[in-house]
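S.K.: Taken in sequence, the protein lines are chains D and V.
Add 123 to the 1-based position in the first sequence for this note's numbering, that's all there is to it.
Add 301 to the 1-based position in the second sequence for this note's numbering, that's all there is to it.
Some hints here could point you the wrong way.
Said to hold, decoys possible - With a cut-off of at most 30 Å between alpha-carbon atoms, the simulated DSSO-like pairs for lysine-lysine come out as follows: (1) V:K334 - V:K425; (2) V:K456 - V:K425; (3) D:K172 - D:K251; (4) V:K308 - V:K325; (5) D:K243 - V:K400; (6) D:K243 - V:K456; (7) V:K325 - V:K400; (8) V:K311 - V:K325; (9) V:K452 - D:K230; (10) D:K172 - V:K452; (11) V:K321 - D:K130; (12) V:K325 - V:K559; (13) V:K321 - V:K311; (14) V:K378 - V:K400; (15) V:K409 - V:K452; (16) V:K452 - V:K407; (17) D:K251 - V:K452; (18) V:K462 - V:K407; (19) V:K378 - D:K222; (20) V:K308 - V:K400; (21) V:K462 - V:K409.
Stated by the list, open to error - What the simulated footprint calls covered on chain D by chain V, stretch by stretch (three residues with Cβ under 8 Å from a Cβ of chain V suffice, anywhere in the stretch; the number is not a length): (22) 127-136; (23) 149-156; (24) 224-236.
Said to hold, decoys possible - To spell it out: a stretch of chain D is covered by chain V in this simulated footprint if at least three of its residues, at any positions, have a beta carbon under 8 Å from a beta carbon of chain V; those stretches are: (25) 180-190; (26) 199-209.
Derived from the structure by calculation, the hints contain no laboratory data.
For clarity, every value in this text was computed on a predicted model and none was experimentally measured.
Just so you know, even glycine gets a beta-carbon here, dropped at the ideal spot from N, CA and C.
Listed here are the chains, written in short residue letters.
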Amino acid sequence: MTSFSLKIVTPDGLQYDGQAEEVIVRAVSGDMGILAGHANCIAPLGMGKATVVADGKRRYAACIGGILSVMNGNVTLVPTTFEWVENIDRDRAERAYEKAQAVLQDKSATPTDIRLAQAKLRRALVRKSVAGNR
Amino acid sequence: MAGISAKEIKTRIRSMESTKQITKAMEMVASSKLRRAQSRVANSRPYFEILYNSITDIVQQNADLSSPYLTQRPANKAIYVVIAGDRGLAGGYNSNVLKMAQAEMKGKDVTALPVGRKAADYFKARNIPILTQQYAEAEDMTVGDCFSVAKQLCKAYLAGKCDEIVVCYTNFVSVLTQTPGTLRLLPLVHTKSRQQSSDILYEPGSVEVFDAIVPEYVGGILYGALCESRAAEQAARRTAMDSATQNAQDMIADLSLKFNQARQAVITQEITEIVAGSNSSF
Chain D
124 MTSFSLKIVT PDGLQYDGQA EEVIVRAVSG DMGILAGHAN CIAPLGMGKA
174 TVVADGKRRY AACIGGILSV MNGNVTLVPT TFEWVENIDR DRAERAYEKA
224 QAVLQDKSAT PTDIRLAQAK LRRALVRKSV AGNR
Chain V
302 MAGISAKEIK TRIRSMESTK QITKAMEMVA SSKLRRAQSR VANSRPYFEI
352 LYNSITDIVQ QNADLSSPYL TQRPANKAIY VVIAGDRGLA GGYNSNVLKM
402 AQAEMKGKDV TALPVGRKAA DYFKARNIPI LTQQYAEAED MTVGDCFSVA
452 KQLCKAYLAG KCDEIVVCYT NFVSVLTQTP GTLRLLPLVH TKSRQQSSDI
502 LYEPGSVEVF DAIVPEYVGG ILYGALCESR AAEQAARRTA MDSATQNAQD
552 MIADLSLKFN QARQAVITQE ITEIVAGSNS SF
């Protein structure tokens, strides 16, 4: 399969820099697959699983927020959080999930707390589902 | 010995020594913090650069879009995000960035968003309106904070509360050099002529894409600027404390010489007196 150059950078560093044959990410409007020769394209990312196919091998990651851009054949993924499946701390995600649930059950929680808890819950769910896929 | 007695010199040496110990300790703390900050800068730099380049690309390639983020309005009101440190004793770090911010702000209707206690104090003292004091601690600011600030700024920009958003920070060039710099976050500048045909696919739609991407971009750039500034602060502090320690050492050496001279003078005088006394008894 033809490959294209892919770069994945997060505030924590460069996560991937090299050739890939296919990328599937969760954009805000749904899953998007990118193959070589894709038209120039910009899409904001949602929260979900990202799949990178390089050398015929599939790698999975949790990918949250950010931007996907395809410019002249170069694909750049600039997410806020990007964790390869092997780097996901499952226990931490589990703990975050339970904590967020507890806040959401709590009737005395303030609207800001609830909003934060909801965001945390969503992130934890993404991590858990990606890690469960291993 | 002329002027100062040996005892006075001794007290000064002792106080110099304790100052030296403090500056030495501060230098060591700054060094270890610098190491951490440096690795963070090294990690975030590619993000900072790629994010900046891809947004510039998008803006350049884009021809037909009339997003409010791209339209240049007469810059009447501006928000300046100024990143300085929480503490002093860092050489020219705080004053350089604040001076530059002040020069940039001249003649504009400015609201400041200080990051770092020194910046907050500076604008308070000069009666410059402050957007929020929430981020007065630069040390505690996280990535999440950067993104929430960005959201807030974009909202203010879209609502027409400001026409321009600029960030003032310090570039960490190397351990020995740090240069203050400014970066205009909004509106996005369109430098090339608008002749290129736009063939970019916006998913789901151009307006939604820009609405989602721009806060992300602003947040990312702010975080990058914060990382640079933090590393620059520690580097500046380390250099300042290193030279302070050096100065203290020089002064101690100088004072010890004076002390020894004074002590020697006292001994010589005593001997002279004894000799004179024994001579006169014959």
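S.K.: It remains to establish, for every hint, whether it holds in the given structure.
M.R.: Against the structure, the hints come out as follows:
1. V:K334 - V:K425: Roughly 28 Å between the alpha carbons, so the hint for K334 (chain V) and K425 (chain V) holds.
2. V:K456 - V:K425: holds (24 Å)
3. D:K172 - D:K251: At roughly 10 Å apart (the allowed maximum being 30 Å), K251 (chain D) and K172 (chain D) satisfy the hint.
4. V:K308 - V:K325: holds (26 Å)
5. D:K243 - V:K400: Since the Cα atoms of K243 (chain D) and K400 (chain V) sit roughly 40 Å apart, the hinted pair is violated (cutoff 30 Å).
6. D:K243 - V:K456: Status holds; Cα separation ~23 Å.
7. V:K325 - V:K400: holds (28 Å)
8. V:K311 - V:K325: holds (21 Å)
9. V:K452 - D:K230: holds (28 Å)
10. D:K172 - V:K452: Status holds; Cα separation ~25 Å.
11. V:K321 - D:K130: violated (48 Å)
12. V:K325 - V:K559: The hint holds at about 24 Å.
13. V:K321 - V:K311: The hint holds at about 15 Å.
14. V:K378 - V:K400: holds (20 Å)
15. V:K409 - V:K452: Holds - the C-alpha atoms of K452 (chain V) and K409 (chain V) are around 23 Å apart, at most 30 Å.
16. V:K452 - V:K407: holds (26 Å)
17. D:K251 - V:K452: holds (27 Å)
18. V:K462 - V:K407: Roughly 19 Å separates the two Cα atoms, so the pair holds.
19. V:K378 - D:K222: Not satisfied, since the Cα-Cα distance of roughly 43 Å exceeds 30 Å.
20. V:K308 - V:K400: violated (44 Å)
21. V:K462 - V:K409: Roughly 14 Å between the alpha carbons, so the hint for K462 (chain V) and K409 (chain V) holds.
22. 127-136: Holds, because 6 residues of the region 127-136 of chain D bring their Cβ atoms closer than 8 Å to Cβ atoms of chain V.
23. 149-156: Coverage by chain V holds here, the residue count being 4 at a Cβ distance below 8 Å.
24. 224-236: Since 0 is below three, the answer is violated.
25. 180-190: Coverage by chain V holds for the region 180-190 of chain D (3 residues, Cβ < 8 Å).
26. 199-209: holds (count 3)
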